[in-house]
Every structure is written in structure tokens, then in C-alpha cells.
Amino acid sequence: MKVECAKTMAAEEVKLLKTWSSLFGLRVVWALKLKGIQYDAIDEDLSNKSALLLQHNPVYKKIPVLVHNGKPISESLVILEYIDETWKQNPILPEDPLEKARERFWAKFNDEKLLPSIWGAFTKEGKEREEAIAAAVENLKLVEEELKGKKFFGGEKIGLADVAFGWLAYLICVFDEVTGFKIVNERYPLLLAWMQEFSQLPIAKDNCPPHDKLVIKFQALYEKHHPAK
Amino acid sequence: MAEEVVLLDFWPSPFGMRVRIALAEKGIQYEYKEEDLRNKSDLLLKMNPIHKKIPVLIHKGKPVCESLIQVQYIDEVWHGKSPLLPSDPYQRANARFWADFVDKKIYDLGRKIWTTKGEEQAAAKKEFIESLKLLEGELGDKTYFGGDNLGYVDVVLVPFYNWFYVYEKCGNFTIEEECPKLIAWAKRCLQKESVAKSLPDEEKVYGFVLQLKKAFGIE
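Protein chains in written order, with our numbering: chain A, 1 to 229; chain B, 1001 to 1219.
Because the hints were derived from the structure by calculation, they are not lab data. It is possible that some hints are incorrect.
What the hints assert, rightly or not - To give an idea of the interface, some chain A residues facing chain B are shown, with a C-beta separation under 10 Å as derived from the structure:
id, residue
1, HIS68
2, PRO97
3, ALA101
4, LEU192
5, MET195
6, LYS224
Using N, Cα and C, we set each Cβ at its ideal position, and we do this for glycine too.
Construct the complete structure from the given sequences, taking the supplied hints into account.
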């Protein structure tokens, strides 16, 4: 078994095109680390995209892109499911179709509802900002409800939804610091507890981008969206 | 198998059509419940409290929401017949990528075509055609996106075919001129009973859209 594993490892070539700060790229890092997969990380400069990126993601020209034995996969949630189906250890999706559907639903909720609303609260101004905050509050309430009686969205262990929400654990405090406004506050005790648990996981502890560097980056982005009048 | 399957749906919804097609492909008997979206049923609000949207698939009393998730669920539960997703992980990832592409592009761009005018509509038409051409590229010389048989991407995309008439009328353009291969593919899909019986008549859809435009004061 051990020899077979070594042989398989030697034959695998896994590359991940990402950036140092992208939360979407980080999800893929977490999944690869969770399963103990060796890979080459290539940090892209998005203002000067590499030929490799343009070749491997011609449709969107975005990161992350996972390249497995020369074959590219794009879109972080698609990549996560591919990783889970290809490397069976430490699964992030359950076997049961209904439970799988639930994980996918919440991962999608983060990407299509929660994250855009919080990003809107960070970047918009005036009435649009008020609306984004209201939407974020609603979305956070729903996420809080979903965590009732659970340690992780996946139950006792993390699943696809946890990996999707994982950005909250290390990035929301950056937003708090930059805006001076705490959006994930004491109204969401379960979510705060989950963020603590998630950030203590080995995959998160060892692999999040440096806080100070993130503050500098998002401070600059904030100023760009809120030019001094 | 006497399994209880209920589908909460709205007849012109392309998202609902996806689920109808998937259930038909698998030969599953189910109860179809038409929702009045201006007066949503208690059942809909109970089964999809988060989005309050159709379609909702209810299987043995448990809801599954979001059409792509529903189609995958159906494929996994009734895996013995007419598989929609391939078995190879890379091919599955490819199918998921393109299904996601359809979701990101076709509905919103199509909607812009029938709800806007002038520059905004022109931009939407351009990007819409570009998106369809990318899909044509992915189809290539295959009979279906799924190969020899109807697959996940076919089920996800074909419901928009009978909305093409709406976009063409409102946008004043012909999709077949730009994307003949895709139209040929859609017509092949319509030869399948599962698809033909799941898609309402395009004139009926257009009539519905005209009513909506009137109701919302859209030119």
C-alpha cells in the first residue's frame, strides 16, 4: 500500500495558479493540504497574467486554476469537488445525496449571497452601502441559524461549506480594522465560535496570508472605493 | 418504487425545466405543483425559506433547492438510469464548469436583452452571442454536450432554447445566424421526449413575457 502510494505520488503533477491574497485560491490550498497533496503553487500577478494562466483558463482568465497532470480545472467550487473525487482521504463531501446537496447549497449561498453582500458593504457608499449592510445582516442571520447544534457546517468535521465560508475566519477582521465597523459581531455567537474553531484547524493556522499584509492591501482598496472628497 | 417526489415549479422557468427534464430522463413519477409567484404557497415558503424561489424538489418530505443542485441530486439518487454526469472526475469537473458558465451568463444576459434598450441591450446581445459561441466550441462535433447521450450540460442549457424566441423578438436579431451549431443541437435535444414534454411552447413564453413587460412598464 505504501509503495503504491509513493508510486502514485511520483506520477502526479499538481499545480495551483493563485495569488497570495485571493480567498478563492486559498480554499483550494486548504483542500490540498487537508488531503496531504503535494503541489506547486504559482502566484500570479493579475496585472500581468502569465501565458500559462491565459492558456489554462481562456474563458475567464482568472485564478484559481488547478492543473492536474497537465489538465486544467477552473472555478474554485468546481476545483474543490474535483479534488474531493480524485483524492478520497479526508472527504469534504458526504456520501449521502441529501447531505451533499445541503453542503453545495451553503457553499453557493456564501458565494452568491453572503460574500457579495459583505463586499458591497465594504466597497459601496451611501444608499447602496446601507442596502448591502442590510442584506449582509439578513444573510448572516441565516448562516447563524444553520450552525445551530453544530460545530462545523459539515457537523463534527469540516465540509465543502466550511471551506467556502472559511474566508470569514481570517479576512473579516481585516475588514473590521480597515472600516472601523464590525459586521460579524456579538449578534452571531455561533458564527464567531465557528470562526474560532476554523482558524484553529491546522490547514487554516498554517496557511492564511499574513494579517498585516492583508490590512495594507485592503486599506488601499478601501481608499480606492471611498476617495476623499 | 413508490417514492414521494414533488416539484414546486412555475411553467416558464428555465430552472424548473431543468428539473423536469432530469426527472423525465430517469423515468421518475412525481407530483407537479404550479406556484403563483405573486402569491407563494405556504409549502414553498416552508420548503425554501432562504430564497423563497422555485423550483423546489421535495423528496420523501425533504427539500432540495437550486436547480443545478437538484439535477445533481436526481442524478445521484437515481444513478442506475440515464446518467447525466460522466463518471470520470475530470469530465465531471468540465461539465460542472460549463453548467456554472450557463448560470453565470445566459439567464442574466437574456434578461437584459428583453428588459433593456439601446446601448445596454446592444452590449447584452454581444456578450450573449459570445457566450453561446463559447458553448458551441465546447459542444464541438458531439451530438450532445454529454456525448452520445443527453448529459448535465444539455439539461442545464436546453431550457433556454424556448426563451431564444423571446430574446430574438425583443432584441431584434437571429440567434441561428450567429450560432447555427447550437440551434442544431437544441433541435436534436427536442427530439427527445424528456425535453419535448418539459419545455413549454415558445409563443406561450413570449406571451407571458409581453404580459410581464406591460405589468412592469417595460417598453
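These are the hints, each one checked on the structure:
Hint status for A:HIS68: holds, given a least beta-carbon distance of 8 Å to chain B, under 10 Å. The interface hint given for A:PRO97 is met, as the beta carbon of that residue sits about 4 Å from the closest beta carbon of chain B, less than 10 Å. Taking 10 Å as the C-beta cut-off, the interface hint given for A:ALA101 holds, the closest approach to chain B being about 5 Å. A least Cβ separation of about 21 Å between A:LEU192 and chain B goes past the 10 Å threshold, and the interface hint is therefore violated.
Of the supplied interface hints, the one on A:MET195 is violated, with its beta-carbon coming no nearer than about 21 Å to a beta-carbon of chain B, more than 10 Å. Hint status for A:LYS224: violated, given a least beta-carbon distance of 25 Å to chain B, over 10 Å.
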